[in-house]
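A.B. asks: Let the sequences and hints guide you as you build the complete structure.
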Amino acid sequence: MNLSLLLLVPLLTSILILFVKTDSVKKLALGGAVAQLILSLGLLFSYWKESAMAEAGKFLFEYKAAWFPAFQINYHVGVDGISVAMILLTAFVVMAGILMSWKVERMQKEFFFLLTFLGAGAYGFFISLDLFLMFFFLEVAVIPKFLLIGIWGSGKKIYSANKLVLMLMAGSALVLIGLFGVYYHANSNTGGFDLTQIASNGIPIDIQMYFFPFLFVGFGIFTALFPFHTWVPDGHSSAPTAASMFLAGISMKLGGYGCLRVATYLMPEAAAHYSWIIVLLATIAVIYGAFATLMQTDLKYMNAYSSVSHCGFVLLGIGMLTPTAVTGAVLQMVSHGLMTALFFAAIGMLYERTHTREVAQLGGLLKVMPFISTVFVIAGLCSLGLPGLSGFVAEMTVFVGAWERVELFYRIATILACMSIVVTAVYILRATGKAIMGPITESKYNLLGDASWNERLAGVLLIAGILAMGLLPFWLKDLVGPGAIEIVQKLKA
Amino acid sequence: MITSELFSVLKHEFCLLAILLVFLVLKIREREWKNETLIQLMNGLLVLNFIIGWLMNSEGVLFDGMFRNTLLIAFEKNILNFAILIVHLQSTEWMRRHKHLPEFYMLIVSSMLGMFFLLSSANWLMFYLALELSAIPLAALCNFDLEKKASGEAAMKMILSSAFSSCILLFGISLIYGSTGTLDFGEMAGRLSAMPLQILAFIFIFTGFAFKLSVAPFHFWTADVYEGSPVPVTSYLSVISKGTVVFVLSTVFYTVFGSMSGIWYDVLVVSTVITMTIGNLFALRQTNMKRFLAFSSIAQVAYILIGVSAGNEQGMASSIYFVLIYVFSNLGAFAVVSHISAMTGKESISDYNGLYKTNPALSWLLGISLFSLAGIPPTAGFFGKLFLLGAGAGTGNWPLIIFAALNMVVSLYYYLRVIRAVFMEPADSAIPKLTYGISVRLAMLICLGGMLLLGFTTGLYEYILSLSFGLK
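Going down the list, the sequences are from chains A and B.
Just so you know, we're using the working numbering here: the first sequence kicks off at 267 and counts up by one.
Just so you know, we're using the working numbering here: the second sequence kicks off at 228 and counts up by one.
Watch out, some of these pointers could steer you wrong.
Stated by the list, open to error - Part of the chain A face toward chain B, derived, beta carbon under 8 Å: (1) Ala332; (2) Trp333; (3) Phe334; (4) Pro335; (5) Phe337; (6) Val406; (7) Gly416; (8) Asn428; (9) Met435; (10) Leu442.
As the list claims (entries may be wrong) - Now the in silico label distances, taken between C-beta atoms and shown as ranges: (11) Ile490(B) to Val672(A): 54 to 64 Å; (12) Asp472(A) to Ile490(B): 23 to 33 Å; (13) Arg722(A) to Thr504(B): 52 to 62 Å.
Think of the hints as simulated: they come from the structure by calculation, not from any bench.
Even for Gly, the Cβ is constructed at its ideal location relative to N, Cα and C.
C.D. replies: Below, the structure is given as structure tokens:
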């Protein structure tokens with residue numbers, strides 16, 4: 267399978283969107299999203315077929331072409347199981363996001379252009395095997411967010427957009443420094459920016475110690491590493507629904523994937539050396555995020571802070587550096603991506619009808635909009651880790667993996683992180699109880715309608731993803747596992 | 228034989244001379260020419276000039292080693308030829324509304340001629356003459372908005388600061404002449420030994436460069452001159468004048484002062500840090516578009532200095548590549564600013580509020596240009612800046628690279644201020660829908676195309692690299 271298709275399809279869609287008539291923009295964007303979904307499912311099947319024959323943990327469908335030979339920069343793409351999982355996630359969220367934006371009227375063309383372009387950046391990032399190419403796509407995906415929040419957002423949107431873009435750019439500046447460090451100091455210096463080459467050449471230990479923090483913190487900012495998570499609540503809550511879904515569902519995953527694929531994979535010794543700091547920060551994020559969520563009254567802020575908490579599990583899994591924990595981290599990325607996107611979709615649908623996101627003002631919505639309420643409840647239950655849904659599978663795997671670390675410090679961290687689930691249950695059940703169940707608080711709610719076809723489709727799509735992962739976790743585990751083992755094995759060797 | 232060599236080596240200069248002559252003859256003929264005719268004539272001549280610039284370039288040395296031409300210098304001249312063409316195309320509206328066009332053209336072309344001689348000079352005498360030839364017409368050009376007071380002020384500041392910087396440069400040249408006994412670049416390189424007198428001389432010469440490049444703390448003239456001058460002159464100053472000095476700077480540092488690289492490396496690093504800080508901090512607070520672009524261009528120069536400081540082929544190639552990209556991005560921004568200023572007279576950032584509602588095309592161009600200046604992919608500016616930093620990182624000066632990378636975030640903040648005004652702020656009195664002629668449109672399209680496509684043309688950087696050289 268030609269991976270460049272995954273990049274070309276959204277790119278062409280976004281360019282075409284600029285040139286078609288306004289009333290066909292939506293259809294074109296949706297068509298593009300469907301094509302991407304089909305492509306990524308196709309990728310999954312052909313990956314299964316190929317990987318059965320190939321060596322475990324190898325990159326497949328590689329393609330390489332020179333881009334800037336002077337700096338040894340290549341257009342080099344390829345995937346392993348982890349990237350395939352992330353690409354699937356992206357395709358699901360893109361499709362759902364576009365469906366959820368069906369009612370955007372203002373500057374429609376620009377809106378769908380930016381959404382599709384953002385998607386293209388994410389695909390590009392996940393297929394890159396060249397560090398420069400990866401960095402390119404990482405930054406490509408930043409500016410559309412700024413415009414999406416600043417133009418179509420709500421509340422203090424300009425403040426949030428600024429905060430988000432400046433913090434993310436600071437993150438990518440750190441990544442850039444780390445990349446130069448890798449480029450100039452990789453052993454035998456023949457690899458250039460090539461990920462696989464550098465990985466096999468290795469990087470001297472003292473260099474790893476210097477540059478690992480740059481790479482990890484840089485990517486970490488994207489995935490809400492404590493204490494650099496402050497862009498998350500503001501950014502998410504000001505963004506329009508689809509942008510929130512993209513932000514939480516895709517963009518934050520770029521960071522987690524980068525931490526794993528670049529920082530940890532290339533510098534395993536440094537990762538082991540610094541792992542206690544990662545675990546410490548991740549545990550703080552998990553607990554702090556959960557308690558901060560408890561205090562929120564706005565549904566979007568709630569979900570944003572709970573994202574901080576859930577992404578903490580991703581970093582916790584990476585920091586633990588056992589194959590199971592790393593697998594769990596990837597599973598958590600996929601699960602959190604689907605679940606948060608679903609949650610934001612539900613909140614967006616509620617807000618569009620009731621014009622409030624304050625939990626206190628909502629009530630009894632199950633009676634008037636059963637579909638939306640069900641979506642809300644499923645997203646909530648997934649978030650608190652109900653067995654049968656994806657959240658349970660992912661978090662359980664992280665905990666089991668984390669428990670494999672026998673040192674006291676890691677044990678305590680694991681136990682503390684585990685306990686956050688109780689807090690999660692409190693805020694989820696409280697919000698559900700108030701807003702969904704109970705008596706209808708305002709009589710005007712009786713007149714509200716349920717979800718329209720596009721919203722239903724988006725909800726069903728994401729719920730299907732969550733169920734596919736929650737009820738049959740093995741296919742995903744088998745997909746991701748070899749890649750995770752490959753990353754951790756480098757440490758043992 | 229000799230004549231043909233003269234013509235082929237001096238080809239770029241002869242072309243400019245021809246343009247100069249054309250307008251001189253037109254002027255002497257005492258006939259009132261319509262502005263439209265003159266503009267079209269100039270367009271034609273500049274296109275011709277640009278095309279001829281690419282044909283049959285040959286290397287050679289003339290006038291007893293005073294003047295030399297290499298493929299690299301020819302390439303640099305072609306970049307400048309291209310830039311002047313774009314500057315002219317995008318300023319059509321301004322040109323239409325002004326008198327004395329032949330004089331304007333003659334002045335701008337003679338300044339260009341000075342730049343070309345500067346690029347080709349291989350002797351300090353030639354260097355100094357060329358520098359004066361390029362600087363003095365510029366002062367007159369700054370004053371070309373005759374009815375505006377600010378324009379006169381700009382001209383005054385320009386001529387004083389450039390005279391002052393020339394003095395310092397000349398003093399430096401005289402010291403180094405006294406110490407080595409030669410003015411020839413090649414001979415001098417062999418006789419330099421980094422003794423204190425020579426270091427002092429180098430500092431003076433660098434100060435002269437720093438004035439032209441507006442490297443802090445010699446940048447004070449920049450903002451006022453940019454603000455007061457007519458927009459075409461501002462774009463000329465920010466792109467062509469700066470580009471030339473960057474090209475010359477790396478050549479002179481690598482060849483003449485090659486043996487003193489340890490000293491100039493430190494000087495470059497210190498001035499990079501100061502310039503970047505000052506350019507960024509001041510740009511944050513500007514309210515006038517032209518002043519804003521002035522400070523942004525100060526900050527951009529700091530990045531170029533990082534590339535130059537690398538001291539190898541990579542450093543030289545990346546700074547030339549960056550200038551090429553900078554031509555597209557800065558002129559793209561200036562195309563919008565210049566057009567809006569010529570049509571409505573509005574120049575303050577708050578006037579741009581809600582521009583997107585009335586002028587979407589201009590807004591996109593401005594937005595993409597600013598992203599390119601800020602170094603955001605997929606625009607070409609991203610590659611330019613990254614290669615500069617990459618070349619700089621080769622020297623292993625990590626604190627500098629960290630400083631520069633984090634400064635990119637600061638600079639993004641002020642570029643986003645303009646983006647915010649254009650795309651997000653509500654407008655009280657938005658700029659009305661503007662029309663633009665074919666030549667302005669063409670200039671804008673070329674800039675846009677350059678910014679979007681340059682990063683994906685693989686051969687270009689390698690071509691520049693093949694011409695470049697490092698420390699000798």
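A.B. asks: Please go over all the hints and tell whether each is borne out by the structure.
C.D. replies: Taking the hints in turn, this is what the structure says about them:
Hint status for Ala332(A) relative to chain B: holds, with the closest Cβ pair at about 7 Å, below 8 Å. Checking Trp333(A) against chain B by beta carbon gives a least distance of about 6 Å; that is within 8 Å, so the hint holds. Among the interface hints, the one on Phe334(A) holds; its C-beta lies about 6 Å from the nearest C-beta in chain B, closer than the 8 Å criterion. The criterion of a C-beta within 8 Å of any C-beta in chain B is met by Pro335(A), whose closest approach is roughly 6 Å, and the hint holds.
The interface hint given for Phe337(A) is met, as the beta carbon of that residue sits about 6 Å from the closest beta carbon of chain B, less than 8 Å. Look at Val406(A): its Cβ gets to within about 5 Å of chain B, closer than 8 Å, so that hint holds up. Taking 8 Å as the C-beta cut-off, the interface hint given for Gly416(A) holds, the closest approach to chain B being about 5 Å. Because the closest C-beta pair between Asn428(A) and chain B is about 7 Å apart, less than 8 Å, the hint holds.
Hint status for Met435(A): holds, given a least beta-carbon distance of 5 Å to chain B, under 8 Å. At a threshold of 8 Å, the smallest CB-CB gap from Leu442(A) to chain B is about 5 Å, leaving the interface hint in force. The hint said 54 to 64 Å for the Cβ distance between Ile490(B) and Val672(A), and at roughly 57 Å that hint holds. In this structure the hint that Asp472(A) and Ile490(B) lie 23 to 33 Å apart at CB holds, the actual value being about 30 Å.
In this structure the supplied range 52 to 62 Å holds for Arg722(A) paired with Thr504(B), their Cβ-Cβ distance being about 55 Å.
Of the numbered hints given earlier, the model fails none.
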